[in-house]
Amino acid sequence: AETGQPLAGASLFINNTSIGTSSDADGKFAIPSVMAGELVVSFLGYETLLMPVVLKEIERKNFLLKLEKKEASLEELLIINDATRAKYLQYFKSVFLGQTEAANHSKIENIKDIYFIKPDNDPAGISARCETPLVVINKYLGYKIRFDIIDFYYNPDTHISSYFGYTSFENLQDPDKYKKRREQAYYGSSLHFFRALISDSLGNNHFTIKNIITDSTVRINGKYERASHQFSPRSHLQKDSSNENGYTFDWREELSITYKKDGKRNISHPAYVHSGLSKNAPRLLIDPFGIVLNPMHMFVSGYWSSLKVPNMLPYDYYPEKEK
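The opening residue of the sequence shown carries number 1 in this note's numbering; numbering runs sequentially from there.
Hints may be right or wrong, so weigh each one.
As the list claims (entries may be wrong) - Quick list of in silico lysine-lysine cross-link-like pairs, DSSO-like style, CA-CA up to 30 Å: (1) K118 x K139; (2) K87 x K61; (3) K179 x K261; (4) K261 x K308.
Treat the hints as calculated values from the structure; they're not laboratory data.
Please build the complete structure, drawing on both the sequences and the hints.
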């Protein structure tokens with residue numbers, strides 16, 4: 001705190017993982033097992049603190065972490081009636097939870113704490129905030145998810161949406177109960193893709209990639225589709241000298257990524273899923289665990305875009321055969 005007094009019960013976790021703890025009565029904490037990433041420290045009424053975690057720099061070391069008081073927000077709070085609030089909350093759930101089977105088995109416990117504000121120079125758009133982390137109970141994959149929401153935006157006219165925050169995971173009960181569903185959620189996901197990419201095993205993991213040629217169409221079976229050609233990912237993946245054991249992934253046109261699933265499939269579970277990948281930065285930065293370090297510069301479409309918070313897995317998750 002600003003006074004130098006300890007904060008008991010502060011939340012500390014490695015972003016997007018199940019690794020975390022809370023501070024004791026003296027403000028002290030210890031995280032026994034840690035992975036590279038981003039340490040998130042939060043406490044009600046204080047600004048969230050972010051600290052990059054570089055393993056060789058933090059092992060067996062002590063740190064003094066100080067949080068600053070939050071200043072009063074100047075954002076315009078929307079005063080809305082119950083019917084409008086119910087409609088806005090439905091927008092929120094649609095964007096945040098999605099429409100998947102996992103979403104149908106997930107619930108935001110503290111949804112009443114969400115409030116809405118008006119974005120600057122955007123009369124049709126709405127933004128959402130919450131002073132405490134959103135708590136999502138996911139009974140499909142067996143996680144209690146805490147999502148510290150930093151920004152949420154939705155425009156009902158254009159259907160453009162985005163959200164950003166910091167996430168921690170906790171097992172609801174015995175993880176073995178959810179083993180099969182978690183593996184199904186992992187295979188074909190972006191996390192699976194980037195791990196296969198850096199290990200040079202995309203083919204063995206049933207991924208194929210094509211480069212979409214912008215403003216170019218070809219006629220296929222009587223239909224016009226955007227032209228594409230095979231893409232060699234390894235020639236676009238380089239070791240990153242600024243990121244220990246990390247990589248940079250650099251390409252130009254949008255990528256079309258196809259994942260062929262194993263096992264028997266039906267209409268509701270097709271044999272193939274298709275995703276699109278593009279970026280608005282020169283390159284994506286990827287750590288040794290297959291985690292994209294600049295995800296705000298990454299844009300996905302197709303299957304990956306349908307996967308919202310209930311379909312997320314912690315970054316420290318690995319299916320049984322990859323452990």
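Does the structure break any of the earlier hints, and which numbers would those be?
-> Hints 1, 2 contradicted; others consistent.
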